[in-house]
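Here is what each chain is made of, one letter per residue.
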Amino acid sequence: MENRFTGLNAPETPEFRQKFKVVFSVVLIVFSLLLIRLWYLQVIKATELRERSESNSVRFRKIIPMRGVITDRNGVVIADNLPSFDVVYMPGTTEDNEQLVSRLQILYARKKMQIDLSSQYSKKARPFMPVKLERNVGMEKVAIVEANSVTLPGIYVDVSPMRLYPQGEITASLLGYTGEVDKDDLESGDSEYTLGDIAGKHGVEKVLDSYLRGRNGAELVEVNVHEKEIQNLGRVEPQPGSNVVMTIDSDVQKAAWLGLNGKAGSAIALDPRDGAILAMVSTPSFDPHLFNMGITAEHWRDLLQNPLAPMTNKVVSGQYPPGSTYKLIIAAAGLEEGIITPHKQFFCGGGFTMGNRTFRCWKKGGHGHVSLHRALVESCDVYFYNVGKLLGPDKIAKYARLFGLGQPTGIAFPNEKTGIVPSQQWKLARMKQPWLPGETISIAIGQGYNLLTPLQLANAYAAFANGGIIWQPYYLQRIESFDGKKLKEFKPVKIGNLTLKKETFDVLSKALWGVVNEEGGTGRNAMVLNANVCGKTGTSQVIGLPQDARARLAKRIRDMHKDHALFVCYAPQKNPEIAIAVIVENAGGGGAVAAPIARQMLEAYFKKQAQEKKPVAIAQSAAVRKNQ
Amino acid sequence: MLFLKYDKRNYRDFDWALLAIVLSICAIGIINIYSAGHSYGGAGEQSPFYIKQLLWILLGLIAMIVAFLIDYRFLARGAYVIFGITIALLLLVHLFGYTMHGSQRWISIGGLVIQPSELMKIAIILVLARYFEDHKSAKPYKLRQLFIPALIVLLPFVLILKQPDLGTALVILLISASVIFFIGVNWKSLLIAFSGVLLSVPIVWHFLKDYQKERLIIFFNPERDPLGAGYHIIQSMIAIGSGGLLGKGFLSGSQTQLKFLPEQQTDFVFSVFAEEWGFIGGFILLILFMSLILWAFKIALHARDLLGTIIAFGIASLLSWQVCINIGMVLGVLPVVGIPLPFLSYGGSAMVSLMAGIGLLMNINARRFIMHK
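First to last, the sequence lines map onto chains A and B. For the first sequence, the residue numbers in this note's numbering are 6 to 633. For the second sequence, the residue numbers in this note's numbering are 203 to 575.
This is chain A alone, in the form it adopts within the complex (with noise of 0.2 Å):
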């Protein structure tokens, strides 16, 4: 066996063993040197060590960063931040914690204050992870905490950035809200959140989150029992949040705030020359401040079970169907097809009988022999049965999804829904069932199985406002960081084409015109002076009861069945620079409620406008004075 490596390319050599002995000795001095190390750490430095584990006294403290401020396109601030004076409580591992909150809670009361403990607080807390007990407490309570230090051991009082917003619940449903991470953000894949971290839930908060919540600081420090700071071992600060820039404007926003008063609905208004939204507003709404204290599971369970989804951002989530404001696809579509021409006359004598079935014009005693114009300034059902049945249920499909309806504008926004565009395809894949010719009849006044979003249909009126382009609606306008760089800037992204020939656009937006301001137009609830607004009203049923006998029952009929009211313009007529969606849940006839609502908003609008152009305004009407 000594002989083991002669005849073969073995490679031990003298001095490669030289080269082993080396590699042997290193690696037993270095573990010698790993073994002393641990030696000295756990049997020298124990007893100090120990105790430093028992008391742990070494706090990592997280910095919580201000968010990114948030204002509209005027730089109205509408999300802004408050300092929060927070009752802090470290469990320990020896104190017990419900015996020191009832402790704070008697000397509070001395004062005649109670403690409001944040839906945080829970009997069995963790050793060493900090709980908020109370959130944005006055100086009185601040005093308290800070004079009974010593009596209060653990306990401290912290400051951390709280969400504000001007404008509470009337950008509520656009901005959302901001809350502390839950389970679900944390497993979200985003690694940046931690335990205890703010985030955006909803809107533009939670879509934005990444921009807005800024990086964290944080502190190691030294305490001792009462959790006072004895020796700060290093601090990185924090980052705050970049600053958004939206397109809302706040007046059009709060206009339409007012206008909906309570009612259930939404209102969307945007700019059809590219696609910036002006406003967006849901109601009822939401008090996005409650979420800063940590709400209580019953207001949590409220807002959730109201029927009238005050969660729900009605213009991007809420589906309808859309009534007579879907009449200009129908008329686009005629037109297109060559189905009729704008002289064509069709006889409205109230009904229209297909079958055994008589469809009823919402007037009771028709409207007579109507064209085209007559028919969409007034509304006339009984036309626009008559072009639904010669068009057929495909052709109005392929209309509206060249408007952009059936499918989602893309919006950067949560939960937006489709809608649904009906065809004979759609309806047997859908209910396995054939498509019946009363239905083409119902869906040519936009009933039956169509629905629509507001977003989709104001976007749809907008794109046949600015001549054919449909533009992906959006709200941001640009991103800057906390220290005014500019970090994204928004640019307006086309999605679609509406083509339709040069006369469908001149005569429809003729009609439109008319609507509302021409006698008998349906509309003209919405009109505003000289700024020559173009648009439709809609009355869409909830429940499909035959038109007279709504008309008989309309007080028995209890609200929740009761017609939605809408309304969609845009203005003015040549180069518009504002297109308006407006529903309302369950309140009756579009051109009585929802056409005031956006006049409120177009006045709002244009106000600004008139007084932002003042120079340019008199000019011109002096030039229109010249003419005359």
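Derived by calculation from the structure, the hints in this document are not laboratory data. Virtual Cβ for every residue (Gly too), placed ideally from N, Cα, C. Treat the hints with caution; some may be incorrect.
For lysine-lysine, the following DSSO-like pairs were computed, each having C-alpha atoms within a straight-line distance of at most 30 Å [as the list claims (entries may be wrong)]:
(1) LYS364/B <-> LYS67/A
(2) LYS496/A <-> LYS507/A
(3) LYS390/B <-> LYS24/A
(4) LYS394/A <-> LYS567/A
(5) LYS493/A <-> LYS364/B
(6) LYS364/B <-> LYS24/A
(7) LYS268/A <-> LYS612/A
So the derived list for chain A, only partly shown, Cβ under 7 Å to chain B, looks like this [stated by the list, open to error]:
(8) VAL27
(9) VAL28
(10) ARG42
(11) LEU43
(12) LEU46
(13) VAL48
(14) ALA51
(15) LEU54
(16) ARG57
(17) SER58
Restraint ranges, calculated between C-beta atoms of paired labels, are given here [said to hold, decoys possible]:
(18) ASP399/A <-> LEU257/B: 52 to 60 Å
(19) HIS337/B <-> THR18/A: 51 to 59 Å
(20) GLY386/B <-> VAL48/A: 36 to 44 Å
(21) ARG22/A <-> LEU294/B: 40 to 48 Å
(22) VAL48/A <-> LEU221/B: 27 to 35 Å
(23) ASN420/A <-> LEU257/B: 38 to 46 Å
Since chain A is already given, all that's left is putting chain B on it; use the hints.
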């Protein structure tokens, strides 16, 4: 026939001692991960880490058997292919990888999440062994002879550094440097290479982004980041020290159970162990690791040929660097780098790679008397 050649001596010379050491360390690992994950109990929806680790050990044993059975000379023939596949995986990580804790390291292949940088540790050893086997030199290697090996090492190094995973990249570099030093480098060449690196530092620095610079500064000077690395080190030292001579007992380490310790299942497993089992436990574990490493070097020394020596030496140095850096880090004598402790830290790809490495050692050991050709 090199492949699966049957020889009685394969069996007779099977390295039972090596297997015993490795399995002992793995057993300690399982017990330890059980304890580290113990207080997570509440979550409960995922299968606990110790169960997963157990499955990885079983998979690792299969890898070990495979690596043992196939003659390493045959394996070395495929070294470039293995290396190429691993590089491809690293590229895939850059394209489709998972990001966790700000680093993109993992990819999912058929539902199995793997970390290709761990596989690279073995692949780089094989490819270097193959290269130097093909380019034997009686004299120490000169700089230009080392140009190609340097490229081979830099490619995965840069890919892993970009993930970013400084720890693993560093291990790749250290293993390769150890192997190259071991086979011998001309002193002059060494001097030139070293000064070249020194000179290029300011140039590279110029091209680094601010956050990368910051990271490097913290790496070399953890005092600059007292909250991240500093906090971890303080808590780790408190955990180890408070364990004392005999430890606080299984499942009773307060630092561990109260979650003061960071990365308990991965980088800081040793602290968990030392807190609960004290100096006695730590001593036994260190001795086991030292025996493993010395054993591996012994296999390198007695290997039949240069190829076997280099492979065994590479694996031995892989184990040495990881064990020493990791334990040095948790004991507070080395800067904090994310380098896991072999067989003890939780991690599937690392476990399988290391087991395959052990299989290779057994392979080289068992075939040390067999003549070829």
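message = Please check whether LEU54/A passes as an interface residue: C-beta within 7 Å of a C-beta belonging to chain B.
response = 3 Å, holds
query = Could one say that the CB atoms of ASN420/A and LEU257/B fall in the range 38 to 46 Å?
reply = 39 Å, holds
message = Can you verify the interface hint for VAL27/A: is its Cβ closer than 7 Å to any Cβ in chain B?
response = Nearest chain B Cβ about 10 Å off; hint violated.
query = Between ARG22/A and LEU294/B, does the beta-carbon spacing fit 40 to 48 Å?
reply = Roughly 43 Å apart at Cβ, these two residues keep to the hinted range, so it holds.
inquiry  = Checking one constraint from the list: CA of LYS364/B to CA of LYS24/A, max 30 Å. Satisfied?
reply    = 35 Å, violated
message = Would the hint on LEU43/A be counted as holding, given a Cβ-Cβ threshold of 7 Å to chain B?
response = Nearest chain B Cβ about 5 Å off; hint holds.
query = Taking 7 Å as the limit, does the beta-carbon of SER58/A come near enough to a beta-carbon in chain B?
reply = 4 Å, holds
ask   = Under the criterion that the straight-line Cα-Cα distance not exceed 30 Å, is the pair LYS268/A, LYS612/A satisfied?
value = 25 Å, holds
Per-residue hint verdict: LEU46/A, partner chain B, C-beta under 7 Å = Constraint on LEU46/A satisfied, holds at 4 Å.
query = If you check the beta carbons of HIS337/B and THR18/A, does the distance land in 51 to 59 Å?
reply = 19 Å, violated
request  = Using 7 Å as the Cβ threshold, decide whether VAL28/A counts as touching chain B.
outcome  = At 6 Å from the nearest chain B Cβ, VAL28/A passes the 7 Å test, so the hint holds.
key: Status of the ALA51/A interface restraint (C-beta, 7 Å, chain B)   = This interface hint holds because 4 Å falls under the 7 Å limit.
In summary, the numbered hints that this structure violates are 6, 8, 19.
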